[in-house]
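Add chain B to chain A, keeping to what the hints say.
If you read the protein sequences in the order shown, they are chains A and B. 0 is the number of the first residue of the first sequence in numbering that gives the first Met the number 0; add one for each residue after it. 0 is the number of the first residue of the second sequence in numbering that gives the first Met the number 0; add one for each residue after it.
The reader is advised that the hints may include incorrect statements.
Remember, identical chains collapse to one label, so a pair may be satisfied in a single copy or spanning two.
Claimed, not checked - Result set (DSS-like, lysine-lysine): computed pairs, CA atoms no more than 27 Å apart in a straight line: (1) 23 <-> 88; (2) 365 <-> 15; (3) 373 <-> 15; (4) 128 <-> 26; (5) 26 <-> 312; (6) 234 <-> 330; (7) 369 <-> 23; (8) 127 <-> 10; (9) 44 <-> 165; (10) 312 <-> 330; (11) 56 <-> 157; (12) 312 <-> 32; (13) 31 <-> 165; (14) 56 <-> 312; (15) 380 <-> 43; (16) 165 <-> 369.
FYI, nobody ran anything at the bench for these hints, they're computed from the structure. These figures come from a predicted structure and were not determined experimentally.
There are 2 protein chains.
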Amino acid sequence: MHNFTFHNPTKLIFGKGTITQIGKEIKQAGLKKALMIAGGGSIKKNGVYDQVTGSLKKNGIAFTEVWGVQPNPILTKVEEAIEAAKKEKVDCVLAVGGGSVIDTSKAVAGGYYLDNVWDAFENKATVKKALPLFTVLTLSATGSEMNSGAVITNTAKKIKTHTGGKVLYPWSTILDPSVQTSLPWEQTANGAIDALSHIMEFYFTGEHDETSLSVNEGLMKAIIEVTDELQENPKDYDLRANLAWACTLGLNGISAGTISYGDWASHMIKHGISAVHEEVAHGTGLGIVFPAWIKYVYDSKPSNAEVFLRWAKTVWNADSVDEGIQNMKSKLIQWKKPTSLSELGIAELDEIADVIAARGELGAVKTLDKNDVKAILELAK
Amino acid sequence: MHNFTFHNPTKLIFGKGTITQIGKEIKQAGLKKALMIAGGGSIKKNGVYDQVTGSLKKNGIAFTEVWGVQPNPILTKVEEAIEAAKKEKVDCVLAVGGGSVIDTSKAVAGGYYLDNVWDAFENKATVKKALPLFTVLTLSATGSEMNSGAVITNTAKKIKTHTGGKVLYPWSTILDPSVQTSLPWEQTANGAIDALSHIMEFYFTGEHDETSLSVNEGLMKAIIEVTDELQENPKDYDLRANLAWACTLGLNGISAGTISYGDWASHMIKHGISAVHEEVAHGTGLGIVFPAWIKYVYDSKPSNAEVFLRWAKTVWNADSVDEGIQNMKSKLIQWKKPTSLSELGIAELDEIADVIAARGELGAVKTLDKNDVKAILELAK
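Looking at chain A on its own, in the form it has when it is part of the complex (with noise of 0.2 Å):
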């Protein structure tokens, strides 16, 4: 078991009714002026923005607005908050949405003291100092409302990576699982798949770490059952809430974060994916990478080949890793994902390989190199 430090602290405030709280949280911080940052206007029609203005307003908190983040969140949106942020003299920001708007609103926090917003995420500038960061969560999957990590796509350079640092944890977040009892299915499949691949990107490079990794069972489990349930009733409160709750800690770092720092190799081939298929959804080509990387590096024989198997037994009820590989295939079929980046109309495999390589090796549990991209790739195919 490998030494860590787990300092994690933001104040989560979870449950049905929450976000009326907001305006206290940030007034009890001694603030006065929020920087709100949004999406594309989901929280008008839901009642979201209402109970947030709301709540400012009889806190005195003033507000100025932007909106407009999109998934996979773009550096030229950021760049336009922190001008906001500057012009109007805020002295904290304000997140309302998932994951996207979250990302942005923490390049935003930590931009703002910087020459460069984007020399944080090329690892040119250090964020040691951020403007303070409030949430309110409307779509559970990143994780991001509760860790210090943000991801960004820079279009012009066609780079999607992230920067943190520990300036970045939310101050207070909101989730009050609620006002997701109305998302899509796919969305929602989406998100399941998301924090099931946050976990396994450190379960995988368990080796002597039998709290860790039951613990993460536990929650990979759980995410399968609930979503299962989510499938047949999508309104029900208390599986909303429990898919909630999973994703947060899915990525808080209490549990899958004790391990390691995590393998990552997934989530970069995914990256790549994206590079040269930006309508590929996060969740959905995590579903069809993730296979195929444990395919691929179980059959090198890690180190740790029996961590890959008790994935199969405890989470998939499995007798064999590949027998457990098929049954998650089976489970995302059942939740209507794709399973193979053919059904998606992929198939420039060298130009994503090419992409990913151009970034260097990857993967913590087996370095990867641009044959061992190709090979999983053309697993996934």
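Chain B alone, transformed into the frame defined by chain A:
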């Protein structure tokens, strides 16, 4: 799933060779002089004292020492330490030891600002301010190193009870599991039972809590697994580390605490036994009481009876709750622990029931009065 707020600001530094970081943690917080609180002196034998004091000196942190905290820590020691803190003009408290030392230190940190520290334990005063608290954990069991609660015994009043408050979270905790490799088996087993009991106090209140139930099942299974292995290999670092991490997770609010505020009847019954038989170790008493509580409450047909059954199935591979209880008792016997009060020579069931009932009704899954408590003690006889 009920609403909850999770906000645990403790910085946990976990792993081999981490103790020498304690001075830096205190220095970085801008503090100058610590009141070090410790137990009977084992930290002088295992090298922990030298590591801690060396680190304090290296970082220019002055310190004064209070020794002699006993298991089931007592109020008079708390009062002695508060006096020392005032006389020596310290600006923080440093606990070096197990749960008893940390609980004492929390009472000192909060009591420093109260007219009468015991008022906080009788709900006559609220702990709103506290000296900054740092801990170096040497015995994993209670989880006190990463939560905000403390249990102290008032020997004059014959009351063992708790207080808490968000200012009582340790600022930083150092947990180096390698100092636990020399622990005797009985303390190891008692720690494991203590952690299992904390988890069960929350688990059995669950109902619509798939995620937390499943995560906690993973945690309980891990504790049983690594404790079994520690019985064979008590000096194995990884096993110690996994048990230590599980004990911390067992009561830091992240998994168990999201289900409810817990039942705590078994703990209250155990406290009553200790009031009459001071010599009963915490883990020993809980191991005897909890199976009896499970049997009694399950047979009363609680609304969440299915959770009892899934506990038996998932944690103990049993087909019924009775079989689950039997398997748990077999495990305790394998761990060389008693499973009945009579094995400890305890026969004063009426007297114990009186002591417990004097504090009022108890429990959340089923509210227990004096007759219920007597019936549970009969089952534990």
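Hints, one by one, checked against the model:
1. 23 <-> 88: within (20 Å within a copy, 36 Å between copies)
2. 365 <-> 15: Classified as between; 26 Å across copies, 43 Å inside a copy.
3. 373 <-> 15: neither (46 Å within a copy, 39 Å between copies)
4. 128 <-> 26: The answer is both: 20 Å in one copy and 21 Å across copies each meet 27 Å.
5. 26 <-> 312: Cα proximity of residue 26 and residue 312: none, with 49 Å in one copy and 48 Å across.
6. 234 <-> 330: within (21 Å within a copy, 42 Å between copies)
7. 369 <-> 23: For residue 369 and residue 23, neither the intra-copy (51 Å) nor the inter-copy (43 Å) Cα distance is at most 27 Å.
8. 127 <-> 10: both (20 Å within a copy, 18 Å between copies)
9. 44 <-> 165: Answer is neither: 34 Å inside a copy and 37 Å across each miss the 27 Å cutoff.
10. 312 <-> 330: Classified as both: same-chain Cα gap 15 Å, cross-chain 24 Å, threshold 27 Å.
11. 56 <-> 157: neither (40 Å within a copy, 52 Å between copies)
12. 312 <-> 32: neither (52 Å within a copy, 53 Å between copies)
13. 31 <-> 165: The answer is both: 23 Å in one copy and 25 Å across copies each meet 27 Å.
14. 56 <-> 312: Classified as neither; 53 Å inside a copy, 51 Å across copies.
15. 380 <-> 43: neither (40 Å within a copy, 62 Å between copies)
16. 165 <-> 369: Intra 33 Å, inter 51 Å, cutoff 27 Å: neither.
Of the numbered hints stated above, those contradicted by the structure are hints 3, 5, 7, 9, 11, 12, 14, 15, 16, listed in ascending order.
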